[in-house]
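K.L.:
Work out the full structure, taking the sequences as your base and the hints as a guide.
Listed here are the chains, written in short residue letters.
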Amino acid sequence: MKAFNDLADFSNEEIAALLDLAGRLDLHPEPEALRGKVLALLFLSPSLRTLASFQAAMTRLGGGSFVISPEMSIHGIETRPGIVMDGMAAEHIREAVPVIASYGDAIGIRAFAQRRNIEHDMNEIEYTALTDLIDTPCINMESAMNHPCQNLADWKTLDDLGVPANGGKLVLSWAYHPKALPLAVPSSTLHMAAKRGMDVTVLRPGGFELPQPLMQKARAAAQASGGSVTETDDRIEAMQDAHVIYAKSWSSTKHYGDKIADEDLRSELIDWCVDDPWFDNAKEDCRFMHCLPVRRGVVVSDAVLDGPRSVVIHEARNRMLAQMAVLHQMLGGPL
Amino acid sequence: MKAFNDLADFSNEEIAALLDLAGRLDLHPEPEALRGKVLALLFLSPSLRTLASFQAAMTRLGGGSFVISPEMSIHGIETRPGIVMDGMAAEHIREAVPVIASYGDAIGIRAFAQRRNIEHDMNEIEYTALTDLIDTPCINMESAMNHPCQNLADWKTLDDLGVPANGGKLVLSWAYHPKALPLAVPSSTLHMAAKRGMDVTVLRPGGFELPQPLMQKARAAAQASGGSVTETDDRIEAMQDAHVIYAKSWSSTKHYGDKIADEDLRSELIDWCVDDPWFDNAKEDCRFMHCLPVRRGVVVSDAVLDGPRSVVIHEARNRMLAQMAVLHQMLGGPL
Amino acid sequence: MKAFNDLADFSNEEIAALLDLAGRLDLHPEPEALRGKVLALLFLSPSLRTLASFQAAMTRLGGGSFVISPEMSIHGIETRPGIVMDGMAAEHIREAVPVIASYGDAIGIRAFAQRRNIEHDMNEIEYTALTDLIDTPCINMESAMNHPCQNLADWKTLDDLGVPANGGKLVLSWAYHPKALPLAVPSSTLHMAAKRGMDVTVLRPGGFELPQPLMQKARAAAQASGGSVTETDDRIEAMQDAHVIYAKSWSSTKHYGDKIADEDLRSELIDWCVDDPWFDNAKEDCRFMHCLPVRRGVVVSDAVLDGPRSVVIHEARNRMLAQMAVLHQMLGGPL
Chain E
1 MKAFNDLADF
11 SNEEIAALLD
21 LAGRLDLHPE
31 PEALRGKVLA
41 LLFLSPSLRT
51 LASFQAAMTR
61 LGGGSFVISP
71 EMSIHGIETR
81 PGIVMDGMAA
91 EHIREAVPVI
101 ASYGDAIGIR
111 AFAQRRNIEH
121 DMNEIEYTAL
131 TDLIDTPCIN
141 MESAMNHPCQ
151 NLADWKTLDD
161 LGVPANGGKL
171 VLSWAYHPKA
181 LPLAVPSSTL
191 HMAAKRGMDV
201 TVLRPGGFEL
211 PQPLMQKARA
221 AAQASGGSVT
231 ETDDRIEAMQ
241 DAHVIYAKSW
251 SSTKHYGDKI
261 ADEDLRSELI
271 DWCVDDPWFD
281 NAKEDCRFMH
291 CLPVRRGVVV
301 SDAVLDGPRS
311 VVIHEARNRM
321 LAQMAVLHQM
331 LGGPL
Chain D
336 MKAFNDLADF
346 SNEEIAALLD
356 LAGRLDLHPE
366 PEALRGKVLA
376 LLFLSPSLRT
386 LASFQAAMTR
396 LGGGSFVISP
406 EMSIHGIETR
416 PGIVMDGMAA
426 EHIREAVPVI
436 ASYGDAIGIR
446 AFAQRRNIEH
456 DMNEIEYTAL
466 TDLIDTPCIN
476 MESAMNHPCQ
486 NLADWKTLDD
496 LGVPANGGKL
506 VLSWAYHPKA
516 LPLAVPSSTL
526 HMAAKRGMDV
536 TVLRPGGFEL
546 PQPLMQKARA
556 AAQASGGSVT
566 ETDDRIEAMQ
576 DAHVIYAKSW
586 SSTKHYGDKI
596 ADEDLRSELI
606 DWCVDDPWFD
616 NAKEDCRFMH
626 CLPVRRGVVV
636 SDAVLDGPRS
646 VVIHEARNRM
656 LAQMAVLHQM
666 LGGPL
Chain X
671 MKAFNDLADF
681 SNEEIAALLD
691 LAGRLDLHPE
701 PEALRGKVLA
711 LLFLSPSLRT
721 LASFQAAMTR
731 LGGGSFVISP
741 EMSIHGIETR
751 PGIVMDGMAA
761 EHIREAVPVI
771 ASYGDAIGIR
781 AFAQRRNIEH
791 DMNEIEYTAL
801 TDLIDTPCIN
811 MESAMNHPCQ
821 NLADWKTLDD
831 LGVPANGGKL
841 VLSWAYHPKA
851 LPLAVPSSTL
861 HMAAKRGMDV
871 TVLRPGGFEL
881 PQPLMQKARA
891 AAQASGGSVT
901 ETDDRIEAMQ
911 DAHVIYAKSW
921 SSTKHYGDKI
931 ADEDLRSELI
941 DWCVDDPWFD
951 NAKEDCRFMH
961 CLPVRRGVVV
971 SDAVLDGPRS
981 VVIHEARNRM
991 LAQMAVLHQM
1001 LGGPL
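Chains as they are written, first to last, in the working numbering: chain E, 1 to 335; chain D, 336 to 670; chain X, 671 to 1005.
Everything labelled a hint here was simulated from the structure, so no lab data went into it.
Predicted model only: the values in this text are computed from it and were never measured.
Be aware that one or more of the hints could be misleading.
On the chain X side, residues computed to face chain E include the following (Cβ under 8 Å) [said to hold, decoys possible]:
no., residue
1, Ala687
2, Pro701
3, Ala726
4, Leu935
5, Arg965
6, Val968
Here are the simulated lysine to any residue pairs, SDA-like style, with alpha carbons at most 20 Å apart [as the list claims (entries may be wrong)]:
no., chain 1, residue 1, chain 2, residue 2
7, E, Lys259, D, Asp421
8, E, Lys259, D, Gly422
9, X, Lys929, E, Ile83
10, X, Lys849, E, Ile83
C-beta: ideal position from N, C-alpha, C; glycine also.
P.N.:
This is the structure in structure tokens:
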């Protein structure tokens, strides 16, 4: 595997093989698989789970990693092309990325969306500008519209819990949050569930529709796998017979990049906090999923998050296992 | 070993076995013992020795570790229960701790005292609230009133130096410091020395008495081991025939949590700086111990710290060895 | 090897052996060489390449490392001798360095020049004050006037590119930069190239002459190796038939430690930005070298840096390989 940028680049069979490997590595550790191998971890955006789970994954496979993040005293990193660097930044990303990559057998890169122009972000301009600088095998640790490590972990969680692929219903629900958050998790989760063959309902208030190209991408994936994609702002309709609700806040797409207008719109929506009544007409054992971090009492009630429906810690642990499988395939450990 | 929270949880025989193992690992490295094992390190309070020595310990045993600390750009971590998270913090400790723990085979946690209410701190409310969230084997890297890794290292140092257990005299002395510091080291050092069977004298000015429950805990340990515990504010009496002075500053217990009153009281006590004359009536080779960090010219004179009495670097190195023994037992390396 | 402080401490034969080892480790990984060995990394000055490349180097050899840097919440570190520590700093370097070193089998230390007094800096007072505190094998990760890891990597790059040793011409050129930068790289690069037997021309404007003792040290090295050292402010003369231009900005030595006077002087010199016309009378395949980080459009044009002359990424990767060789020899891995 040369790159792990988007789950859409892999067939369902390849994903099944990765998940099978992840499960095997959990039961049968392989602390010799990646002896002396190095993963470079470049965080241009903050992280907790990704930071910890990738380091742990490499150690478990017998290799190691190093972390570069902007809060380190590393002179400041310039990202604009063609600029005369007479300001604060002492290093340009055009040198920093190839150098950091040259120390690793693979590199993980996190670079969130700029969230000024939605076309720009949907085209993954930022992330691609970085990966275009290098030949090193590359892992997307969250870009503008993709978070394939999260998607692979969530797919595993759905499998672990026995949620049906075909015939399973997943509600991807917008939730209130005081800040306008990126689209990477909702966009790529929608696609993941559709690709898994599930019936996916996007539940969101007006102004928070997911972009049409992303809806189309998911619909195509659903069609190929026997699933479906619908959208609604009607909570009761959406939750009917749901196996899973996957909650996540995201930016207004109607006012993308317009912080004030987004704030105005979302300020009316603080009742979009997932709570027990949401589950009234769902399947009895309907699960609550979230990629974390999650704001308690804002995105979800304490009761739901601390109750038996919540599988958020299970999801988070699966990050490590999913990434171990990706690293194992990418860095040439024997299958 | 499932938890290493307090030295009091272990018998003197168990401690002897740990120290024996620590010595053996120093002489005969076991770089295969913990192959592929991961230690999660969660620092809710700052660290240098603990941070470095745990990472080094895991590497020496063939495993690895990762560090999460609040100065990382990890969204801010909320600790208050039942709160509506509409402020700065994006993640609650109730998710963060189980997630971080899920990536490790064991987790080390550092969480200093709140120092508002002494009962609260003596009951280890903060630390226990964290460890209650997880089943992962857990190491206390300093809590409100305990620092068992420091204690085990200091016990080893006393052994290494041939300081007698029964019949050995250790003076635990308060020292001046411009800030009100936690009680974890003095409290747990008092107990360690008493448990080792030593005659311990707590030397402290009025207003800095250690809490009675902690004095009682130490007296019980001394009684079981053939030691004794006394307290005084008379330096000459305290230092008479001492084998060791263990210096440490701590908060006023009379004014616990009252920063202004504490400052008023300590401002009169800047002569509590351990200097050569303190040793006039001690054993000729009386040693100076301190857990570090230590303020030169404030807690102890340069002459004492740079002189032959000082064993502070030896103590600090023993942190690594003691922790290697704990990790070796906890993570299942063969004895 | 007990210390790697200055390339001048090694014979050309010893350097050849290190470079041979570096090349071998690149082709034939030895992930067992330093099993369970620990490198302590102490950064008193900021870093990206050094931070990443040393961590990667230890992992590739089967060991590990830990990092201590001042931006960590480690209480603040006092460096002044004999001071009463009643201010912010809670720990003195006299304890911090021996403690950190005690956790490693070797220690790397980075401590830039104070840049107040040039004699002080040329005598490596800061760096030596730190290494004098310890017996642990020590690697200079950049001190006031030395950067032997960079020098060894650059020597390897020159070899890799087939630049002749005797008869090869290297131009060490000052370049514009808005800040007054340390002398470590230019001083030690000058010496490295001379020691390699090259004809070295120092190209710099008036007021930026390298100190005479450093010029003498380089001339002595050149004499022993069949090279030469000259200096000039004439760009056309300097670049005539050059095989390599090594660009780097540095402080005015005329106004050393005088920030205002330095700024006044350099503000007239913004045309010292390496650009295509500089190469008009150089060898056709004349290379551009720089230790990084480099400011685009300030030190060097985008055209040169992105063009075929530039070998800066190759240089940076060689940092890792050169350091692997040093660590391999220092920590006792079999040759």
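K.L.:
Please flag the earlier hints that this structure goes against, numbers listed from lowest up.
P.N.:
1, 4, 9
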